[in-house]
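**Q** Turn these sequences into a full structure, and let the hints guide you.
Quick note: numbering that gives the first Met the number 0 has the sequence shown finishing at residue 248, numbered continuously throughout.
Simulated from the structure, these hints should not be mistaken for laboratory data. One or more hints might be untrue.
Label pairs and their computed distance ranges (CB to CB) [what the hints assert, rightly or not]:
1. LEU169 x LYS211: 21 to 27 Å
2. GLN104 x SER232: 38 to 44 Å
3. GLY152 x ASP210: 32 to 38 Å
4. GLU78 x LYS133: 16 to 22 Å
5. LYS82 x ASN9: 18 to 24 Å
6. ASN181 x LYS224: 23 to 29 Å
7. ASN13 x ASN246: 42 to 48 Å
8. ARG233 x ASN103: 45 to 51 Å
Result set (DSS-like, lysine-lysine): computed pairs, CA atoms no more than 30 Å apart in a straight line [stated by the list, open to error]:
9. LYS1 x LYS241
10. LYS241 x LYS224
11. LYS81 x LYS105
12. LYS41 x LYS133
13. LYS211 x LYS105
14. LYS74 x LYS1
15. LYS211 x LYS12
16. LYS241 x LYS34
17. LYS41 x LYS81
18. LYS243 x LYS41
19. LYS243 x LYS224
20. LYS164 x LYS224
21. LYS74 x LYS43
22. LYS243 x LYS34
Backbone N, C-alpha and C define an ideal beta-carbon position, used for all residues, glycine too.
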Amino acid sequence: MKQNVYDNPNFFKNYTALRESGINANDFIEQPAIKSLILCLKGKSVLDLGCGDGHFSKYCIENGAKNVVGVDISKNMIERAKKLNQDDNIEFMCLPMEDMGLTNQKFDLIISSLSIHYIEDYSAMIQKINELLKSSGEFIFSTEHPIATARKGSNHWIKTEDGNKSHWALDNYQEEGIRVHNWFVDDSVVIYHRTVATLINTLIEHGFSLDKIIEPQSTLAGIEKMPDLINESRSPSFIIIKSKKQNNI
Numbered sequence: 000m001k002q003n004v005y006d007n008p009n010f011f012k013n014y015t016a017l018r019e020s021g022i023n024a025n026d027f028i029e030q031p032a033i034k035s036l037i038l039c040l041k042g043k044s045v046l047d048l049g050c051g052d053g054h055f056s057k058y059c060i061e062n063g064a065k066n067v068v069g070v071d072i073s074k075n076m077i078e079r080a081k082k083l084n085q086d087d088n089i090e091f092m093c094l095p096m097e098d099m100g101l102t103n104q105k106f107d108l109i110i111s112s113l114s115i116h117y118i119e120d121y122s123a124m125i126q127k128i129n130e131l132l133k134s135s136g137e138f139i140f141s142t143e144h145p146i147a148t149a150r151k152g153s154n155h156w157i158k159t160e161d162g163n164k165s166h167w168a169l170d171n172y173q174e175e176g177i178r179v180h181n182w183f184v185d186d187s188v189v190i191y192h193r194t195v196a197t198l199i200n201t202l203i204e205h206g207f208s209l210d211k212i213i214e215p216q217s218t219l220a221g222i223e224k225m226p227d228l229i230n231e232s233r234s235p236s237f238i239i240i241k242s243k244k245q246n247n248i
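**A** Laid out in C-alpha cells, this is it:
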C-alpha cells in the first residue's frame with residue numbers, strides 16, 4: 000500500500016507547523032545523527048528518497064553536492080520543496096519512491112530520512128536502491144526504531160503511581176507488519192514494523208556492506224528545549240544505518 004498522508008490537509012498543516020517550529024525530535028535527534036554519517040558531499044550526485052519539503056536536498060547542495068534529485072509521493076510536499084529550494088542543481092519529482100524507475104543517471108549517495116518505514120516491500124526497495132547506485136555508492140537512511148514500532152496498539156511508557164516513567168512497554172517485536180498510528184489524524188498513519196535483523200540482513204542480501212549504525216540520543220540543546228528527550232537514553236526513537244554497495248554487485 001502506497002501511503003500519502005502528507006496530502007491530508009490537517010496532517011500537512013500540523014506537520015508543517017511542527018517542522019517550522021524547530022522544536023521537534025527531527026531537529027534534535029534524527030537530523031544531527033544522519034548528517035554526522037555524511038563525511039563528504041563535494042562533487043557527488045545525490046538521490047533524496049522521501050524528500051519532503053526538500054530541506055535535506057538543500058543541505059546537500061549547500062555542502063558541495065553536484066546535483067540532487069528529490070522524490071516524494073506528496074504533491075503538497077513537492078510544491079513546498081520547489082518553493083523553498085529554488086536551485087538549478089536540485090530536481091524535485093512527485094511520485095512514490097517505490098516507483099522510481101531506473102535512469103541513465105547513477106548516484107554516489109542515496110539518502111532517505113524517516114521514509115523507509117512507510118514502504119511495504121522493503122526488500123524490493125533495497126534492490127532498486129542498489130541498482131540506482133554507482134559502484135561503491137552509499138545508502139544512508141533513518142527509520143523509526145523497531146523498539147518504538149514493535150508494540151501493536153499504542154506505544155507508551157508504563158508509569159508509576161506518581162506519574163513518573165517506569166519503563167517502555169515492548170511487545171510484539173517479532174511480529175513484523177503493519178502498525179497504525181494516530182499522528183495529527185486518527186488511525187490514518189500506516190507504518191511497517193521490521194526487526195533490526197530484517198533491516199540489516201536485507202541490506203546484506205542485496206549486496207550492501209554495513210559501515211555504521213547509530214541509535215542516536217538528543218543533543219543537549221534538544222534536552223534543554225524538550226526535557227522529555229532525555230528518555231532517548233532509555234528507549235531510542237530512531238535508528239540510522241549507513242551502508243555501501245559492494246563493487247562486485
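**Q** Does each hint fit the structure? Answer for all of them.
**A** Here is how each hint holds up against the structure:
1. LEU169 x LYS211: 21 to 27 Å: The hinted range 21 to 27 Å holds for LEU169 and LYS211, with Cβ atoms some 25 Å apart.
2. GLN104 x SER232: 38 to 44 Å: 41 Å, holds
3. GLY152 x ASP210: 32 to 38 Å: For GLY152 and ASP210 the Cβ distance comes to about 35 Å; the hint holds.
4. GLU78 x LYS133: 16 to 22 Å: At roughly 30 Å between Cβ atoms, LYS133 and GLU78 fall outside 16 to 22 Å, so the hint is violated.
5. LYS82 x ASN9: 18 to 24 Å: 21 Å, holds
6. ASN181 x LYS224: 23 to 29 Å: Holds, since ASN181 and LYS224 (Cβ atoms, about 24 Å apart) stay within the stated range.
7. ASN13 x ASN246: 42 to 48 Å: 45 Å, holds
8. ARG233 x ASN103: 45 to 51 Å: 48 Å, holds
9. LYS1 x LYS241: 25 Å, holds
10. LYS241 x LYS224: 28 Å, holds
11. LYS81 x LYS105: Holds, at about 23 Å.
12. LYS41 x LYS133: 16 Å, holds
13. LYS211 x LYS105: At roughly 23 Å apart (the allowed maximum being 30 Å), LYS105 and LYS211 satisfy the hint.
14. LYS74 x LYS1: Holds, at roughly 14 Å.
15. LYS211 x LYS12: Violated. LYS211 to LYS12 sits at ~35 Å, over the 30 Å cutoff.
16. LYS241 x LYS34: Satisfied, since the Cα-Cα distance of roughly 11 Å is no more than 30 Å.
17. LYS41 x LYS81: This hinted pair holds, its Cα atoms lying about 23 Å apart.
18. LYS243 x LYS41: 18 Å, holds
19. LYS243 x LYS224: Given that 30 Å is the threshold and the Cα spacing comes to 35 Å, the pair is violated.
20. LYS164 x LYS224: 19 Å, holds
21. LYS74 x LYS43: 27 Å, holds
22. LYS243 x LYS34: 16 Å, holds
Hint violations for this structure: numbers 4, 15 and 19, all remaining hints satisfied.
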